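Asks: Listed below are the residues making up each chain.
Protein chains: 2
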Amino acid sequence: MELQQAIEKYYEYRTKLKALGYVNYLISWDTETEAPLGCLEERSKQVGVLSEMSYQLERSKEYIELVSYLNNNIDQLDDILKVEIKKTNKALQQSLKIPMDELVEFSILMSKSASIWANAKVNNDYSLFKDTLAEIINFSKKMVKYLETEELKGYNVLLDQYEEGMTKEKYDKFFALLKEEIVPLVKEISKQQKPINKIVNKKYDINKQKIFADYLMDVMCFDKNRGLMKESEHPFTSGYGSSDVRVTNHYYEDLVLSSVFSAIHELGHGTYEQQCNPELDSTYLSGGTSMAMHESQSRFYENIVGRSYEFWKRHYPKLKELFEEELSDVSLEEFYRYANDVECSLIRVEADELTYPLHIMVRYEIEKMIIEGNVSVDELPTIWNRLYKEYLGLDVPNDKLGILQDVHWSGGSFGYFPTYALGSAYGAQLLYAMKKDLNFEEECSKENLKAINEWLKEKIHIYGATKSPEELLIASTGETFDAKYYVKYLKEKYQKIYNI
Amino acid sequence: MELQQAIEKYYEYRTKLKALGYVNYLISWDTETEAPLGCLEERSKQVGVLSEMSYQLERSKEYIELVSYLNNNIDQLDDILKVEIKKTNKALQQSLKIPMDELVEFSILMSKSASIWANAKVNNDYSLFKDTLAEIINFSKKMVKYLETEELKGYNVLLDQYEEGMTKEKYDKFFALLKEEIVPLVKEISKQQKPINKIVNKKYDINKQKIFADYLMDVMCFDKNRGLMKESEHPFTSGYGSSDVRVTNHYYEDLVLSSVFSAIHELGHGTYEQQCNPELDSTYLSGGTSMAMHESQSRFYENIVGRSYEFWKRHYPKLKELFEEELSDVSLEEFYRYANDVECSLIRVEADELTYPLHIMVRYEIEKMIIEGNVSVDELPTIWNRLYKEYLGLDVPNDKLGILQDVHWSGGSFGYFPTYALGSAYGAQLLYAMKKDLNFEEECSKENLKAINEWLKEKIHIYGATKSPEELLIASTGETFDAKYYVKYLKEKYQKIYNI
Chain A
28 MELQQAIEKY
38 YEYRTKLKAL
48 GYVNYLISWD
58 TETEAPLGCL
68 EERSKQVGVL
78 SEMSYQLERS
88 KEYIELVSYL
98 NNNIDQLDDI
108 LKVEIKKTNK
118 ALQQSLKIPM
128 DELVEFSILM
138 SKSASIWANA
148 KVNNDYSLFK
158 DTLAEIINFS
168 KKMVKYLETE
178 ELKGYNVLLD
188 QYEEGMTKEK
198 YDKFFALLKE
208 EIVPLVKEIS
218 KQQKPINKIV
228 NKKYDINKQK
238 IFADYLMDVM
248 CFDKNRGLMK
258 ESEHPFTSGY
268 GSSDVRVTNH
278 YYEDLVLSSV
288 FSAIHELGHG
298 TYEQQCNPEL
308 DSTYLSGGTS
318 MAMHESQSRF
328 YENIVGRSYE
338 FWKRHYPKLK
348 ELFEEELSDV
358 SLEEFYRYAN
368 DVECSLIRVE
378 ADELTYPLHI
388 MVRYEIEKMI
398 IEGNVSVDEL
408 PTIWNRLYKE
418 YLGLDVPNDK
428 LGILQDVHWS
438 GGSFGYFPTY
448 ALGSAYGAQL
458 LYAMKKDLNF
468 EEECSKENLK
478 AINEWLKEKI
488 HIYGATKSPE
498 ELLIASTGET
508 FDAKYYVKYL
518 KEKYQKIYNI
Chain B
28 MELQQAIEKY
38 YEYRTKLKAL
48 GYVNYLISWD
58 TETEAPLGCL
68 EERSKQVGVL
78 SEMSYQLERS
88 KEYIELVSYL
98 NNNIDQLDDI
108 LKVEIKKTNK
118 ALQQSLKIPM
128 DELVEFSILM
138 SKSASIWANA
148 KVNNDYSLFK
158 DTLAEIINFS
168 KKMVKYLETE
178 ELKGYNVLLD
188 QYEEGMTKEK
198 YDKFFALLKE
208 EIVPLVKEIS
218 KQQKPINKIV
228 NKKYDINKQK
238 IFADYLMDVM
248 CFDKNRGLMK
258 ESEHPFTSGY
268 GSSDVRVTNH
278 YYEDLVLSSV
288 FSAIHELGHG
298 TYEQQCNPEL
308 DSTYLSGGTS
318 MAMHESQSRF
328 YENIVGRSYE
338 FWKRHYPKLK
348 ELFEEELSDV
358 SLEEFYRYAN
368 DVECSLIRVE
378 ADELTYPLHI
388 MVRYEIEKMI
398 IEGNVSVDEL
408 PTIWNRLYKE
418 YLGLDVPNDK
428 LGILQDVHWS
438 GGSFGYFPTY
448 ALGSAYGAQL
458 LYAMKKDLNF
468 EEECSKENLK
478 AINEWLKEKI
488 HIYGATKSPE
498 ELLIASTGET
508 FDAKYYVKYL
518 KEKYQKIYNI
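These protein sequences, in sequence, are chains A and B.
For the first sequence, the working numbering assigns the number 28 to the initial residue and increments by one for each residue that follows.
For the second sequence, the working numbering assigns the number 28 to the initial residue and increments by one for each residue that follows.
No lab work stands behind these hints: they were computed from the structure.
There may be inaccurate statements among the hints.
Unchecked claim - Derived list of chain A stretches under chain B, where covered just means 3 residues or more per stretch with a C-beta under 8 Å from a C-beta of chain B: (1) 42–49; (2) 65–74; (3) 267–275.
Claimed, not checked - Residues from chain A that face chain B, not an exhaustive set, calculated with beta carbons under 7 Å: (4) LEU53; (5) LEU77; (6) ASN252; (7) ARG253; (8) GLY254; (9) LEU255.
Remember, it's a predicted structure, so these values are computed and weren't measured experimentally.
Yeah, the Cβ is synthetic: ideal placement off N, Cα and C, and Gly gets one too.
Taking the hints into account, I'd like the entire structure generated from these sequences.
Replies: Here it is as structure tokens:
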């Protein structure tokens, strides 16, 4: 086979596979945001047929040979294709290690597990979910066995899938530091008397909340010609390439802060996607480089920028203008304080910036036991509750507010949670590097975040997935990942707010 | 080849082709209702790849042989597959008659012609469109040549594509009758002094218009679990099978009647789709049997039911409740009169029920000349304007309000327009049959249209495309198509309203 010919042929496959991926994106988007419930059964059939078509291409002898051939001649490829083939080959080789019938069996399990979990959660009855969870755990452990290599064993196989290069050893060190530094800080803050919260227990018109979310799109310079914001039950970001980036938001009449920070969070993901080099759109390297790096961007915008005093100094008047009556007795200082309220709570997705990583630590510890230990599903709620007591000082009253709260495990996503905390830590490391190049506080207080966007674009976004998180961190901060910046950022910020 | 094996194999192809059709539906829906403009270029590439995949299946040797084989053994197939294979074979044989390179050439022309037309329309400059129109006409004439058979020649080839069995001879007779009966009636009405219109020149809150559109969904028993209503520039109905039926509506602050009747019209299309036998969803025979029959349903609901006095006797109070102030001085009788106002106007899509077919006659006459005559594109505006004078008594002031108003010809859709008028006529024929089985006026004045829906479901909707329009008309009305019912309906209704 001639190299050039192989490349062309590979591109043909990629074009078709990407088109089928495009379809998948659009079907999910529609399902999450507007599809009538009655169409979902028919829809799942169509999704099955399309996945099968995709599968037939990806598992065809020709495609497998092409990827292997290109991987064997990787030094002759241009820089971008080199990275892509390396990734594609790795994923393909991994997928080939898992017997087809087990994959099919797993996908059948997955097609029903989320609704079994949801039902157990609604009924606050872990016993309805535990057998399914046991099956999922069994499969995940089997998959780990198939995918183990000389370098990667056990839980590390899964951690690597969500964040290449991250291992248990690295995460252990990371979480040990948080435990040492953040748990005591949280305990100290918990002792303080809380001020009366004047923004809760009021009604905030949802249309006005939407107007403010739209205003935030402009503040963040989100390009509405290449994206949109819609409503869904759980906010998320989706899209295809840099020209079609879609975020959703949710609105509660009594919780104005919820829609504000969800919007900034999702627009943070969206900005990463929109600022990626459009030339990568046709490759597998468009969009974010990893789960944690994506999360670092959404959290950077939401917490580091969006919960800063300077940001609200500029934008609080606009919010007050919309909710003149509701916020009439709330000063900027008070509002800033509410936006950074620290409180140990039971639900991860509602947690504040400081206690958030403690929720992740609980899940990380449990995942280690699940994948590498011999813990039974019956013991898990007890372990969960013990860890919440230890890290957050809370008694978990029931499993709905405890082990049943997250969807992830019902989807077999073990190894995913740690990337959330890692993302926050990446963000803090980027902050200190950014501060060397620009006056961060001043930029936060400007009409829009153009300069901050520009910095992140140049250092991170533009590269898409052509560079690894590690490469990006070294290039932008001069160092490999170091959790000390995260601890420094959290301590500086919260010690000041709470006068510690 | 064994028959059963061939059937299975055919189903495999159909499953894939339908999945690709599903994708197409969803992409168009998204494009029309919310996709950001900046993604359309990338999107058109993806659509191209997916069409190519579809094409490769449909033009594969195996598929062509399968369809031919099944068609040769058609007597051994079950009733539904028999109809489907007959249709599939016909369409396939036709498409094979057209050389591949010409199809590609035409699709390239089509990918740009709509925007060339739109630009000419915006600029009110026919000269910007006429060369493209000439190309489209040339191609259409060439296509006619390829598709001609012993039975079908010239324009009949195109008419048959949009409404099987309809020919120039039949349409000529139909339009001759309209010309004889309706043109004089319109002229007589035009002489009358119009009452002052008290519903125009007011502002109707768009959110309230949406509430009323939602109310109409309930009146029409539209199943919201299997469908939805959204907004778009031009109202349309789309969807996939009977479990996912989507309509759109548009809202103008100063035109309350526009959103009301657009909603009923599109929900009429939607009801046809929702009431089709769900077992047909996986076949090519789901949904309406023809363009005209589909249009007959939307117009039946919009005009025959939705503009009846009895309908508004029941529902006008609800509208008045929403627009208490705006409609305070408008009585039910006045409202009914406005909803049936007859006025010769220049724009087809804004035309009233009575003058509407005259707009179609203009286009039909011109299409005959285009396809079978030697008329040049330069002469078309003059011919257009002459016919508007003749049928509607109007002087056309410019091409934007004249020949440039409709998108159809820019998409090469010659033969489509006549089905609109035919649809109205089908509807009237169905009305007189329905009246034998139920008290039509009483049913229109009920809380919802359940009984009328039920009649149409049993007689028309349930069959999807398993029976031809002709078969459905004979079974439901006891006769083949006869335009006299349409003329009778229009004369009875408008002579009464206008005291003629």
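Asks: Holds or violated: the hint that LEU77/A contacts chain B, with Cβ atoms closer than 7 Å.
Replies: holds (5 Å)
Asks: With a Cβ-Cβ cutoff of 8 Å, does the segment 42–49 of chain A contain at least three residues near chain B?
Replies: holds (count 5)
Asks: Quick check on GLY254/A please, does its C-beta sit within 7 Å of some C-beta on chain B?
Replies: Cβ of GLY254/A sits 6 Å from chain B, so the hint holds.
Asks: Should the interface hint for LEU255/A be scored as holding, given a Cβ-Cβ cut-off of 7 Å against chain B?
Replies: Interface hint status for LEU255/A: holds (5 Å vs cutoff 7 Å).
Asks: For the segment 65–74 of chain A, do at least 3 residues have a Cβ located nearer than 8 Å to some Cβ of chain B?
Replies: holds (count 6)
Asks: The hint names LEU53/A as touching chain B; please verify it with the least Cβ-Cβ distance against 7 Å.
Replies: holds (6 Å)
Asks: Regarding the hint that ARG253/A lies at the interface with chain B, is the smallest CB-CB distance below 7 Å?
Replies: holds (4 Å)
Asks: Against chain B, run the beta carbon of ASN252/A and see if the smallest gap drops under 7 Å.
Replies: holds (4 Å)
Asks: Closer than 8 Å Cβ to Cβ for three or more residues is the test here. Does the segment 267–275 of chain A pass it with chain B?
Replies: Three-residue rule met by the segment 267–275 of chain A, so holds; n is 4.
The structure shown violates none of the earlier numbered hints.
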